[in-house]
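2 protein chains.
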Amino acid sequence: MKQVIGYTPIGIIRSPFKKPKGTPIQPLYGKGIQGKIEINSEFIEGLKDLNDFSHIILIYHMHLSIGYSLEVIPFLNNSPHGLFATRAPRRPNPIGLSTVKLIKIEKNILYVENLDIVDGTPLLDIKPCVPEFDLVEEIRTGWLSTPKCRTQEGESDDRFQ
Amino acid sequence: MKQVIGYTPIGIIRSPFKKPKGTPIQPLYGKGIQGKIEINSEFIEGLKDLNDFSHIILIYHMHLSIGYSLEVIPFLNNSPHGLFATRAPRRPNPIGLSTVKLIKIEKNILYVENLDIVDGTPLLDIKPCVPEFDLVEEIRTGWLSTPKCRTQEGESDDRFQ
Numbered sequence: 001m002k003q004v005i006g007y008t009p010i011g012i013i014r015s016p017f018k019k020p021k022g023t024p025i026q027p028l029y030g031k032g033i034q035g036k037i038e039i040n041s042e043f044i045e046g047l048k049d050l051n052d053f054s055h056i057i058l059i060y061h062m063h064l065s066i067g068y069s070l071e072v073i074p075f076l077n078n079s080p081h082g083l084f085a086t087r088a089p090r091r092p093n094p095i096g097l098s099t100v101k102l103i104k105i106e107k108n109i110l111y112v113e114n115l116d117i118v119d120g121t122p123l124l125d126i127k128p129c130v131p132e133f134d135l136v137e138e139i140r141t142g143w144l145s146t147p148k149c150r151t152q153e154g155e156s157d158d159r160f161q
Numbered sequence: 001m002k003q004v005i006g007y008t009p010i011g012i013i014r015s016p017f018k019k020p021k022g023t024p025i026q027p028l029y030g031k032g033i034q035g036k037i038e039i040n041s042e043f044i045e046g047l048k049d050l051n052d053f054s055h056i057i058l059i060y061h062m063h064l065s066i067g068y069s070l071e072v073i074p075f076l077n078n079s080p081h082g083l084f085a086t087r088a089p090r091r092p093n094p095i096g097l098s099t100v101k102l103i104k105i106e107k108n109i110l111y112v113e114n115l116d117i118v119d120g121t122p123l124l125d126i127k128p129c130v131p132e133f134d135l136v137e138e139i140r141t142g143w144l145s146t147p148k149c150r151t152q153e154g155e156s157d158d159r160f161q
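Order-wise, the sequence lines are chains A and B. According to the numbering used here, the stretch in the first sequence is residues 1 to 161, in order. According to the numbering used here, the stretch in the second sequence is residues 1 to 161, in order.
Misleading hints may appear alongside valid ones.
If several chains are the same, the list does not tell them apart, and a pair holds so long as it fits within one copy or across any two.
In silico DSS-like cross-links for lysine-lysine, where the CA-CA straight-line distance does not exceed 27 Å [stated by the list, open to error]:
hint, residue 1, residue 2
1, Lys2, Lys107
2, Lys107, Lys21
3, Lys31, Lys2
4, Lys2, Lys18
5, Lys19, Lys48
6, Lys2, Lys48
Read the hints as simulated data drawn from the structure, not as lab findings.
Pulled out of the complex, with its shape left as it was, chain A reads as follows (with noise of 0.2 Å):
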């Protein structure tokens, strides 16, 4: 028998896209766009110097995204490639994760930028964003790396709905 982890929203994102087409499909894309977030009055005390981080990394279930296949044409490519080596948001354990800008705290409200999440996303975990943990050095960044790649529009199509 499978094991099955569960886990309980801890706020939910509230931003300006109402439905996948049309939001950014990465942070990158959706500079600028401001959203918020509301954390759940039981956990104010938790952001307690989180206003000092510039950014903040957003884990969030994809509650939208049902189904997954393990071979997907991403947005940015016109090429088939193994799911894992793609952010498409269908995928067996739909976990999404953004590196948003933080503008400000109030009570249990988080006012943020550079938002590429539909609205009503069940928000999991936040964590401050410290490049220096993570330690990428010469990176290569496969079929990503292609100039066709970079130049497409960066917003969703409905190919994942």
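Using the hints, position chain B against chain A.
Below, chain B without anything else, positioned relative to chain A:
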């Protein structure tokens, strides 16, 4: 009633660290540490093209983490901070996040380096590491930017057990 989101592991992480104490607290402090990831064979097709990326992001369930406090004294510091301003493992949803170096893939086994994860940890997702996606400019890292934090050792003690 609270919504519960259920995830099923896609694989398991194998590392030399058999318990949290002594495990590096971030990939930065696990430099050169080798381990492997056993992906469930049903997902092999999803690994295609992943070996063209030098670094991958692992999202995993910190299965040894039980309970949490909203104010913690994290590794690297001796002052209390809000939980979400830290990477402390005991969290409402104990989701771990590490960027590791991908050495090679053989069938369903990923050989990786710079591991900061305990042996036997269930893996939830893999994403390719593409630094440009996360629009991080003019970064501030709060309490982690003080020189005091930087000089301490990067191994877990037993404070979160």
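- Item | Enumerated hints in conflict with the structure, sorted upward | 2, 3 and 5
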